[in-house]
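Asks: Residue numbers (the working numbering), protein chains in the order written: chain A, 1 to 296; chain B, 1 to 380.
One should not assume that every hint holds.
Here are the simulated DSBU-like cross-link-like pairs (lysine-lysine), alpha carbons at most 35 Å apart as the crow flies [to be verified]:
id, chain 1, residue 1, chain 2, residue 2
1, B, Lys163, A, Lys133
2, B, Lys81, B, Lys295
3, A, Lys133, B, Lys200
4, A, Lys133, B, Lys295
5, A, Lys133, B, Lys81
6, B, Lys375, A, Lys133
Label-pair ranges, simulated between beta-carbon atoms [to be verified]:
id, chain 1, residue 1, chain 2, residue 2, range
7, B, Ile350, A, Phe135, 34 to 42 Å
8, A, Ser54, B, Gly195, 38 to 46 Å
9, A, Pro63, B, Lys375, 30 to 38 Å
10, B, Gly195, A, Val92, 41 to 49 Å
11, B, Asp279, A, Ser117, 41 to 49 Å
12, B, Pro133, A, Ser54, 46 to 54 Å
13, A, Ser91, B, Ala59, 57 to 65 Å
14, B, Lys158, A, Phe6, 30 to 38 Å
15, A, Ser165, B, Asp215, 56 to 64 Å
16, A, Phe135, B, Asn284, 53 to 61 Å
17, A, Pro63, B, Gln243, 35 to 43 Å
For the chain B half of the interface with chain A, some residues (derived, Cβ under 8 Å), not all of them [stated by the list, open to error]:
id, residue
18, Ser40
19, Pro133
20, Asp199
21, Asp204
22, Ala207
23, Gln243
24, Pro245
25, Lys375
26, Tyr379
Keep in mind that the hints were calculated from the coordinates and are not lab data. Glycine residues also receive a C-beta, built at the ideal position from the N, C-alpha and C atoms.
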Amino acid sequence: MNSTLFCQYLFAGLTYGIIYAIVAIGFNIIYNTTGIINFAQGEFVMLGGMIAISLHAHMPLLPAIVLAVLLTMAIGGLIEIFFIRWLQSPSVLRMIIITIGLSILTREAALHIWGSSVRSLPYFIGNEITSIKVFSSRVSPQVFLVVGVCSVMVAALSLFFKYSSLGREMRACAANRRAAILCGINPRNMVTLSFMLSAGIGAVAGCVMSPITYSQYDMGPSLAIKGFTVAILGGLGNSMAAVAAGLLLGIIESFSISVLPLAFQDAIATSILLLILFVRPHGLFGSSAAARLKDF
Amino acid sequence: MKRFVSTALAFALTLTMGVTALRAENIKVGAILAVTGGQSFLGAPEAKTLEMMVAEKNAAGGINGNKIDLLIKDSAGDPEKAISFAKQLIEEEKVFAIIGPSSSGETMKIKDIAEQGKTILLSCAAAEVIVNPVAKYVFKTPQKDSFAVQMIFKEMNKMKISKIAVVADNTGFGKAGKEQLEKIAPDFGIQILAGEVYDKAATDLSALVAKLMSDKEIQAVINWSVVPAQAIVAKNMRQAGWQVPLFQSHGFGNIKYAQAAGAAAEGIIFPAGRLLVADTLAANHPQKSLLAKYKKDYESKYQEDVSTFGGHAYDALAILVEGIRLAGPDREKVRDTIENLKGFAGTGGIFNFSPEDHNGLAIDAFEMLTVKDGKFVMYQ
Chain A
1 MNSTLFCQYL FAGLTYGIIY AIVAIGFNII YNTTGIINFA QGEFVMLGGM
51 IAISLHAHMP LLPAIVLAVL LTMAIGGLIE IFFIRWLQSP SVLRMIIITI
101 GLSILTREAA LHIWGSSVRS LPYFIGNEIT SIKVFSSRVS PQVFLVVGVC
151 SVMVAALSLF FKYSSLGREM RACAANRRAA ILCGINPRNM VTLSFMLSAG
201 IGAVAGCVMS PITYSQYDMG PSLAIKGFTV AILGGLGNSM AAVAAGLLLG
251 IIESFSISVL PLAFQDAIAT SILLLILFVR PHGLFGSSAA ARLKDF
Chain B
1 MKRFVSTALA FALTLTMGVT ALRAENIKVG AILAVTGGQS FLGAPEAKTL
51 EMMVAEKNAA GGINGNKIDL LIKDSAGDPE KAISFAKQLI EEEKVFAIIG
101 PSSSGETMKI KDIAEQGKTI LLSCAAAEVI VNPVAKYVFK TPQKDSFAVQ
151 MIFKEMNKMK ISKIAVVADN TGFGKAGKEQ LEKIAPDFGI QILAGEVYDK
201 AATDLSALVA KLMSDKEIQA VINWSVVPAQ AIVAKNMRQA GWQVPLFQSH
251 GFGNIKYAQA AGAAAEGIIF PAGRLLVADT LAANHPQKSL LAKYKKDYES
301 KYQEDVSTFG GHAYDALAIL VEGIRLAGPD REKVRDTIEN LKGFAGTGGI
351 FNFSPEDHNG LAIDAFEMLT VKDGKFVMYQ
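Build out the structure end to end from the sequences listed, making use of the hints.
Replies: In structure tokens:
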């Protein structure tokens, strides 16, 4: 393999990888505050892209994206308020089924609103054939935007959880719900906030990736499966590990094509998911002792 | 009371029977189309075309006074759904004929069902296996993929291209096309150096393009697909700065695919029927007036560009209507009539059916087209 090919694979892998990582982080944020996996996570990505595309017909790109992200956050919050908040200590299974139902509902609603055709935002810089030369390979500037925006988002999130009081309150709920209540934190609000936050980052990812991958009403589930694989691979609940795991999966997928036919690309992710679930269910970076204390 | 119920029931039954007897004058035509889902670029224009044509026909008094009842079933491109709809249409609805399905994979799944149910099936899908071997009741309107392959290879011979890569999607159309390409290539002295299949829901194929591009011997790429992902191949190739000629199949014949690829679609060469370049045809061309009328009607009614796929549905219904007009509403007679229909001008070309050829189109149904300034034009 020469250096040109190596770079092309690497950038392709980074693009996939960072998107998987963002979906996985969305899973983790909600998992941390509620202990459930929100299977409608992929739909937030779809909604972000689709709303931005609709708004872009009436306004410039940047306000359209900002407004789309805010709207998706509002939808995420409303979903939590209407479907999750009023449940009295629901079982894990029930919550999972609710989120799967929500995912189907959102998808069908999107089908009715936008139809089934493929749409996309325009390239933010240049057009479909613009590319930047990196070493000896050529990469679309949109790839750098995806990687850049997502990296900034990950960094901002980790700062938010570490230093802001709101972020700390969310972490407190995740660590010990009862103790958090005793400290005067309302865990229900934290859950709503976690849905809004993960809807928001999903929507941002949905907007920046739209020119590359297109947006379609049914893009959610396949993203959710990849994101779930990454979340498990990194260890559920650990956002930084999700970034590492996402990049790892993306790069494995893109390099696999040099030895395997392309048709096997999706099989790789599924095989990794199964392998991890059998061998290291607590993830590459998680500890098995901590995993034993979780209900799921 | 019991007596009253049974009388009422009997009365209700006679009433419904009366209604069915009345409706029996109408000719029921089923359609199984991928109106939604990943292949909606095929099914949606097909459904719209059928609705438009049936409304027009019925408003003009139907076929010899018989109105058409159109039952459109949305398979969403799922072969399992296509199978159950086919059974429902044949066994329960007892339709006169079925138009569709949109995709080759679905059509192959229901080919035998139509054959056993002795129901005329006019497929809007392209793969050659649909009519080869010939099944008595199964016809198809899109041009054969082997002719599309020959058109592409002829062009390559002219351009002195002999070493190529083939990429195809993993739908029935993609698989059948890849097989045809591999089978026919030696006849034209063309060598396929690499063949890859990509997922119909693929979102980024830059790694695939990088792999192909690393082989410096490849002089051109054929991208055989009928799903939106085909636009991604074009985009990723041009982004990577790979400027070899890109050939596509007749599955590229919806301007939305060219729009999805944007600037990367410029210069793509592909074979297609004349519908897409109807404006540039000579006034005395046998397809000219029909293409112009369909294009005008469709575009003014639905505010979107016509595609060859809608045209396939147009041809399917037009052929069926012609069969019924000539033979009356008798399924066997209509089948025989369609099988012997000659010189029938449709959107896909001039149809000349025979017992051996249930497609009826010759290679001259194709023109080579290209994309210029975001529009389809004749390739010179």
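Asks: Hint by hint, note whether the structure agrees.
Replies: For each hint, the structure was consulted:
1. Proximity of Lys163/B to Lys133/A is assessed by CA-CA distance (about 27 Å); at most 35 Å being required, the pair is judged to hold.
2. For the proposed pair Lys81/B and Lys295/B, the alpha carbon gap of about 31 Å is at most 35 Å, so the pair holds.
3. With a C-alpha separation of about 29 Å, the suggested pairing of Lys133/A with Lys200/B holds against the 35 Å cut-off.
4. In summary, the hint linking Lys133/A to Lys295/B is not supported, as the alpha carbons are separated by about 44 Å, beyond the 35 Å threshold.
5. The hinted pair formed by Lys133/A and Lys81/B fails the criterion: a straight-line CA distance of about 47 Å is larger than 35 Å.
6. Restraint check: the Cα-Cα separation between Lys375/B and Lys133/A comes to about 30 Å, which is no more than 35 Å; the hinted pair holds.
7. Separation of Ile350/B from Phe135/A is about 55 Å and departs from the stated range, judged on CB atoms against 34 to 42 Å.
8. Between Ser54/A and Gly195/B the beta carbon distance is about 39 Å. The supplied range of 38 to 46 Å therefore holds.
9. The supplied range of 30 to 38 Å is met by Pro63/A and Lys375/B, whose beta-carbon atoms lie about 31 Å from each other.
10. A beta carbon spacing of about 46 Å between Gly195/B and Val92/A agrees with the range 41 to 49 Å that was offered as a hint.
11. Against the hinted window of 41 to 49 Å, the Cβ-Cβ separation of Asp279/B and Ser117/A comes to about 25 Å, which falls outside the hint.
12. The given range of 46 to 54 Å is respected by Pro133/B and Ser54/A, whose C-beta atoms sit roughly 48 Å from each other.
13. Range check, Ser91/A to Ala59/B: Cβ separation about 59 Å, and the 57 to 65 Å hint holds.
14. Look at Lys158/B against Phe6/A: about 37 Å separates their beta carbons, and that is inside 30 to 38 Å.
15. In this structure the hint that Ser165/A and Asp215/B lie 56 to 64 Å apart at CB holds, the actual value being about 57 Å.
16. For Phe135/A and Asn284/B, the Cβ-Cβ distance of about 58 Å falls inside the hinted range of 53 to 61 Å, so the restraint holds.
17. Restraint check, Pro63/A to Gln243/B: a C-beta distance of roughly 37 Å satisfies the suggested window 35 to 43 Å.
18. Taking 8 Å as the C-beta contact cut-off toward chain A, the hint placing Ser40/B at the interface holds, the least distance being around 4 Å.
19. Given hint, Pro133/B at the interface with chain A, is violated; its Cβ is 28 Å from that chain's nearest Cβ, farther than 8 Å.
20. The interface hint given for Asp199/B is met, as the beta carbon of that residue sits about 7 Å from the closest beta carbon of chain A, less than 8 Å.
21. With a cut of 8 Å, the hint placing Asp204/B at the interface with chain A holds, because the nearest CB-to-CB distance is about 6 Å.
22. The beta carbon of Ala207/B comes within 4 Å of a beta carbon in chain A, closer than 8 Å, and the hint placing it at the interface holds.
23. Given the 8 Å rule on beta carbons, the hint for Gln243/B is violated: about 10 Å separates it from the nearest Cβ of chain A.
24. The beta carbon of Pro245/B is not positioned within 8 Å of any beta carbon in chain A (closest approach about 15 Å), and the interface hint is therefore violated.
25. At a threshold of 8 Å, the smallest CB-CB gap from Lys375/B to chain A is about 16 Å, leaving the interface hint violated.
26. Annotation: interface hint on Tyr379/B violated; nearest CB of chain A at approximately 20 Å, more than 8 Å.
Hints 4, 5, 7, 11, 19, 23, 24, 25, 26, counting from the list given before, are not met by this structure.
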